[in-house]
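The hints should help you fit chain B onto chain A, whose structure is shown.
Order-wise, the sequence lines are chains A and B. The working numbering puts the first sequence at residues 1 to 108. The working numbering puts the second sequence at residues 1 to 108.
Please keep in mind that the hints were generated in silico from the structure rather than gathered at the bench. Note that this is a predicted model, so its numbers are computed, not measured. Take these hints with a grain of salt, some might be off.
From the structure, some residues in chain A lie toward chain B, with a derived Cβ separation under 8 Å [stated by the list, open to error]: (1) I3; (2) F5; (3) D7; (4) I16; (5) H25; (6) V60.
Here are the simulated DSS-like pairs of lysine-lysine, each with C-alpha atoms no more than 30 Å apart in a straight line [as the list claims (entries may be wrong)]: (7) K87/A <-> K12/B; (8) K28/A <-> K28/B; (9) K12/A <-> K28/B; (10) K13/A <-> K28/B; (11) K88/A <-> K12/B; (12) K13/B <-> K30/A; (13) K30/A <-> K12/B; (14) K13/A <-> K87/B; (15) K13/B <-> K12/A; (16) K28/B <-> K88/B; (17) K88/B <-> K71/B; (18) K30/A <-> K13/A; (19) K30/B <-> K13/A; (20) K30/B <-> K30/A; (21) K87/A <-> K13/B; (22) K13/B <-> K28/B; (23) K28/A <-> K30/B; (24) K12/A <-> K88/B; (25) K30/B <-> K12/A; (26) K12/B <-> K28/A; (27) K13/A <-> K88/B.
For glycine and all other residues, C-beta sits at the position ideal for the given N, C-alpha and C.
There are 2 protein chains.
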Amino acid sequence: MQIQFNDVSIIKKSNIVYAGYCISHVIKLKNGDIKNLGVILPTVEPLIFETQMAERIEIVSGICRVQINEKPEIEIYYAGQSFYVPKKSQFSIISDEIIDYICHIGGT
Amino acid sequence: MQIQFNDVSIIKKSNIVYAGYCISHVIKLKNGDIKNLGVILPTVEPLIFETQMAERIEIVSGICRVQINEKPEIEIYYAGQSFYVPKKSQFSIISDEIIDYICHIGGT
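So that you can see chain A by itself, here it is in the shape it has in the complex (with noise of 0.2 Å):
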């Protein structure tokens, strides 16, 4: 994984959802894509999240818990696993650390 994204545009303002829990920042990259680059902060409950598009949440540090759908099992991720989420779903994420992680809109 690069430390970085080179060549991009940021938007200034902050996405924040869950009080604060998950704060992220829209990248948009020369070849249209577009990238969330967040974190997610430990929580008791999960925090649960919807999808339009698919996407794929890369984790760039932390482990957390994810559920997908109605998906019984609960996957654990580290820090360079990303995990993929079929548009118009959900799933739901916890950790007991801070999360830095990057949804990849699309799934790509």
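Leaving out everything else, chain B in the frame of chain A:
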């Protein structure tokens, strides 16, 4: 104020202090300038920061109260405004709401 940075690099891993109450990402401009793009969450007590180099803190959204070094005055800053902190200095910042900010390292 432009709503976005263009043609920049951004470090994927965030810098987090005060248990997640201040989260920022390092941005590198083509001309070599370094900025920190960040968020400060509402706190009960002011957050205190020390500068090595001079910094100009630009408020992108939100309202905050700032005290610099030993000055008795607490100044209020709104979105679009900024304040200058000399090198080797200290400032405290507090807000009742979420603040998006840019820290212009070097004070430019």
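Here's how the hints hold up against the structure:
Because the beta carbon of I3/A sits about 6 Å from the nearest beta carbon in chain B, less than 8 Å, this interface hint is met. For F5/A, the interface hint holds, the least distance from its beta-carbon to any beta-carbon of chain B being 5 Å, beneath 8 Å. The restraint placing D7/A at the interface with chain B holds, with a minimum CB-CB distance near 6 Å, inside the 8 Å limit. For I16/A, the interface hint holds, the least distance from its beta-carbon to any beta-carbon of chain B being 6 Å, beneath 8 Å.
The beta carbon of H25/A comes within 7 Å of a beta carbon in chain B, closer than 8 Å, and the hint placing it at the interface holds. Taking 8 Å as the C-beta contact cut-off toward chain B, the hint placing V60/A at the interface holds, the least distance being around 5 Å. For the given pair, K87/A sits about 25 Å from K12/B by alpha-carbon distance, which is consistent with the 30 Å threshold. Annotation: proposed proximity of K28/A to K28/B holds, straight-line Cα distance about 15 Å (limit 30 Å).
With a C-alpha separation of about 14 Å, the suggested pair K12/A and K28/B falls inside the 30 Å cut-off, and the hint holds. The straight-line distance between the Cα atoms of K13/A and K28/B is roughly 17 Å, inside the 30 Å bound, and the hint therefore holds. Between K88/A and K12/B, the direct Cα distance comes to roughly 27 Å. Compliance with the 30 Å bound is thereby established for this hinted pair. A hinted pair counts as satisfied when its Cα atoms are at most 30 Å apart, and K13/B with K30/A qualifies at roughly 21 Å.
This hinted pair checks out: K30/A and K12/B have alpha carbons roughly 17 Å apart, not beyond 30 Å. For the given pair, K13/A sits about 26 Å from K87/B by alpha-carbon distance, which is consistent with the 30 Å threshold. Simply put, K13/B and K12/A have alpha-carbon atoms about 17 Å apart, close enough for the 30 Å limit, and the pair holds. For the suggested pair K28/B and K88/B, the alpha carbons sit about 22 Å apart, so the restraint of at most 30 Å is met.
Note on K88/B and K71/B: the hinted pairing holds, with a Cα-Cα distance of about 15 Å set against a maximum of 30 Å. For the suggested pair K30/A and K13/A, the alpha carbons sit about 20 Å apart, so the restraint of at most 30 Å is met. With a C-alpha separation of about 21 Å, the suggested pair K30/B and K13/A falls inside the 30 Å cut-off, and the hint holds. A threshold of 30 Å between alpha carbons decides the hint, and for K30/B with K30/A the separation of about 15 Å falls inside it, so the pair holds.
A C-alpha spacing of about 26 Å is found between K87/A and K13/B, which places the hinted pair at or below 30 Å, so the restraint holds. Of the supplied pair hints, the one linking K13/B and K28/B holds, its CA atoms being roughly 14 Å apart against a limit of 30 Å. Simply put, K28/A and K30/B have alpha-carbon atoms about 16 Å apart, close enough for the 30 Å limit, and the pair holds. This hinted pair checks out: K12/A and K88/B have alpha carbons roughly 27 Å apart, not beyond 30 Å.
In summary, the hint linking K30/B to K12/A is supported, as the alpha carbons are separated by about 17 Å, within the 30 Å threshold. At roughly 14 Å between alpha-carbon atoms, K12/B and K28/A fall within 30 Å of each other, so this suggested pair holds. For the hint linking K13/A to K88/B, the alpha-carbon distance of about 28 Å falls within 30 Å, and the restraint holds.
Checked against the numbered hints given earlier, this structure breaks none of them.
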